[in-house]
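Enquirer: The primary structure of each chain is shown beneath.
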Amino acid sequence: MTATRDPRGPLAIAGLVLVAAALLALPFALAQVGTAWVRITNLALLFALLALGLNIVVGFAGLLDLGYIAFYGVGAYVWAMLASPHFNIHLPFWVILPIGALAACIFGVLLGAPTLKLRGDYLAIVTLGFGEIVRIFLNNLSRPVNITNGPQGISRIDPVRIGELDFSTTSKFAGLAFSGPIKYYYLLLLFLVVVLIVNMRLQDSRIGRAWQAIREDEIAARAMGINTTSVKLLAFAMGASFGGIAGGMFASMQSFISPESFILVESVMVLAMVVLGGMGNIWGVVLGAVLLTFVPEILRYTVEPLQKAAFGRMIIEPEVIRMLLFGLALVLMMLFRPSGILPASVRRRG
Amino acid sequence: MDIFLQQIINGLTLGCVYAVVALGYTMVYGIIQLINFAHGEVVMIGAMVAFSVIGALMKSGMPPLLVVAIGTAVAVPACVAVAWLMERVAYRPLRTAPRLAPLITAIGISIILQHVAMMIWGRSPISFPQIIKTHNFNVGGALITNIQIAIILISFILMAGLIWLVYRTKLGVAMRATSQRQDIAGLMGIDINRVISATFVIGAALAAVAGVMIGTYYGQTQYTMGELLGLKAFCAAVLGGIGNLGGAVLGGILMGLVEALGTGYIGDLTNNWFGSNYRDVFAFVVLILVLVFRPSGLLGERVGDRA
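So the sequence lines, in the order shown, correspond to chains A and B.
Start counting the first sequence at 0; every next residue gets the next number (numbering that gives the first Met the number 0).
Start counting the second sequence at 0; every next residue gets the next number (numbering that gives the first Met the number 0).
Hints listed in this document are in silico derivations from the structure and should not be mistaken for laboratory results.
Bear in mind the structure is a predicted one, so any value in this text is a computation, not a measurement.
The reader is advised that the hints may include incorrect statements.
Partial pick of chain B residues on the chain A-facing surface, computed with a CB cut under 7 Å [what the hints assert, rightly or not]: (1) Ala-89; (2) Ala-100; (3) Gly-107; (4) Met-118; (5) Val-280; (6) Leu-286; (7) Leu-288.
Heads up, the beta-carbon is just placed ideally off N, CA and C, and yes, glycines get one too.
Looking at chain B on its own, in the form it has when it is part of the complex (with noise of 0.2 Å):
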């Protein structure tokens, strides 16, 4: 018992990690129906630039979770950069060529973007600094930490930041528009491009928390790191329906559980034919069976026409 529920806690932790990564391709998707390939090394940016931030200030006697914020805070700002000049060069020129023209710049933009990550930070991993003392609280015989709690509780907050800004505000308003019919949309005098460069920085400040996260989570990082992540995300902005904020929450959150109970218990399942190693499987025969059966995902929209 407590070993299931150990791997649910562990699955929800991940699963948020997941759904907030994945809130930024589907937003993307939802607005200019690009699979943003390069998504998942925002994040890897987001970790690396918050890493060598903490890394300078932790023997500065601040207090740790102050080091955290500061860490956050520049890389917020730089996966903003990176994420707004990647649209700016790689995809706007390609607005209306056909679907694939884009993708293609869009893994080609990932690749550079790895590379320069293997640059600056080596290509090993590095071990993330783990100045916040973990604390283990004991819930019905399995263990949580105050980080996982922090975890959860910070993309809660954000997932409910978002969809507040996406159905309450001005800008949500002209998001939703331009995701429905660009051109109409800017002819009720919407600034389509900078919608859509909105759109873009705001998932990559997610990310960049997200990347914050998951490496003081996991305690490394390295510059592949964001290339399964981004790719699970997909896979649970897929599950929850693409195009879909709530869709992205539920699906990112499945996809952790998922792959946590799979992890845990395919050992025992097949005899120890198969045992741990193949926990990235899972997000994948998620997405094939997803598209399979139910293209749409779980909340979304019909997507199996058109090519």
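With the rest of the complex left out, here is chain A (with noise of 0.2 Å):
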């Protein structure tokens, strides 16, 4: 495809410098309110990065990964090692990172190979069993051999340092304070623009329109000459590098990691995320993602001093009202509005 000009015109333009400035301007307005809301907002960010990522193999290829955030694991237990005091290795950001995009890739490849070929209710299973395995290594491979230390995790993780620029420390410039979660805001949000332009360059690609084939009708994707198999794999390669990116960016972030972080709940969270927003709808993940962060968090702030004022004490903890919502979330889209909040356009050509 050929780079067209944006037939929008100059408004739409000044409205993209718009929200770019706003999304410069975020985190010191939240700081204002608190650095909490700048740590939720990033947790946003990540959870955006791991949506998109789960978004190529459940909203462009049609297939239910249930084990996605074993991924997101090895990403992030790639960093804790490669980068803090368990082994004494200190490797360097740029290094690590695609070691753990390969790795969760690896990872990736490993499960969709000897599974794709099932049916998609089956391989949501399999998928969800390979999520459960992973967690279960990642539990209790600290002996005989100590490798992932196993329930106690492993902490002291170093954060991001590229040069003298340390992202958990607060540094000046221009004036400004930028603090350790502010830091690692301009960092993720970087990240997240780079995903969305894959994201979108993938999705309208000839790779992208062969997975939307595939989710469509399988046999007659294969009857247009696509190689299903090779296809639905790299589906899962590249989704799978992308949560082991964002899993990484995790480990780095919060400087500590347990086999408690990689959860089934976890996964069901981001597919969560996926049908709020719109299966394959690259803004409505984000917007998903956004959502599903948030509204449990403001949740927690307004329920707990409610219930508190209402009954003198706590009927329903902030927790389980963040799964009911999750839960919720899953099933009343199905029933009343299955393609999202944001639904995919269905692209007509010619």
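Build the complex from these two chains, which are given one at a time in their own frames, with help from the hints.
Expert: Structure representation (structure tokens):
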């Protein structure tokens, strides 16, 4: 495809500039409310990355992956092992990130190669089983050789460092104080923009169209000459690598990881983001990730005092509300708006 | 030798419970090709309701067997109600939707049920009242408890009852007809919706009994217990050949044996590199191996082809 001039004219460009300016100013505004909100925003960006990766598998190619969090875990553990006192290895981030993505990609291919010929619902359960296996291994590979440090997890993970710039400390630049979370915000935003562009280009590429063809009708796609197995495998590998990158960022941002962060419920959460926003729609998926990160947090700050005021004690814990929200999002969206808040447009060609 | 026999006995007990749960998966799959992801949660609800009832009645002076029987008798309708509602609300409207849609609602339902149970019964494991006195019997150097014998016997009675129901009653004929070709069965005057509801209800009743059995056997329950149990039972159903009743029984028992023997011997076989903490891996490894090498399962129909 050749690059075309934006037909929407200068108004759209002005809008884009405004949005960009708002996004750039956002962390400082949030920091006025509280650093916690900057961290939550970072989490939303991270989940958006993760959901965009899952969207390639679920949204574009129509393969239900219930073990997606395993790839995130692999990325996180690769980062943790290569940049922490655990093995006393401290590699720079531009070395680890590709290794993490590659490791997750290899896991994706390992899982995909034998299972992708299965029917969709079986694939879902196998991926779920795979996710459980990865979690069990993370939990138990602490003996006889200590690889993952078991349920205690790995702590004191290095933050991202680019030259002199350390992402865990506050630095002053042009009269503004950039705290750690704010710096991570910009880094994650950069990642998100890159991944968004990659996704948009993928969607309309030959591969993207092949994925959508498989999603709509696999037999017809095969009849059109698409090598369905290898194209599906590509979706798995690509989704997994995005998961691996997000996992690495998670490890460095939190500086501590344990198998607890990579359980089935997390896979379901990312799936809920994709389903809520709109399977196959890039902006929908980002919206889903932002909504399902922020709404539970806002509820946490409102429901808790409300319950205490009304009943004198907590009736429903915020964590439970969060989970009920994910469950309801899945059920209600499927029942009443299966294509999500922002449905993917079916492109008409010709 | 006696360790081997002991693992066989333990595996058989566990396998019978898996088989009873697997029957629920396989019946629903056989009739509407849906993996009822929330079936494990129905088992959990059964165990939890029975726990509450038994706990409330245990000081009443009634004979322990009667208390357990009442507990089960309350758990069964509770599970039936949950399953009926679930089918009505989350699956029936999606019967003509793409296959993945009801699977996604099933996952949602499962999360909702889990956390509703957590609100009612709490987050931590609760110990299941052990009101039936355990007796050990010596069989060739291994021990079998009266509870294990009861679990195995009850499971076989349930399985036999189900097979009688499916192959010897009018409802069974309707179920088999519906599973073969829904629209034609409808034309023959079968009320499809009723038959599908009945399938869910029967599976849920079995699940309730399984919940009571597993609670009594392990001596504890937790709101998360249904997740892993359900998945293992589903793996068992696939191993046996999903949609096939005999397959579910065979798969369940084999899965129990694989898990017990695997857990018992993995330490010796791998020079203690891996230990019994890997017990939950076996079911999934079996699942992946079956799906790769024999997707139709031991006794089932072909499944590999279509998305």
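Enquirer: Of the hints stated earlier, which fail here?
Expert: 7
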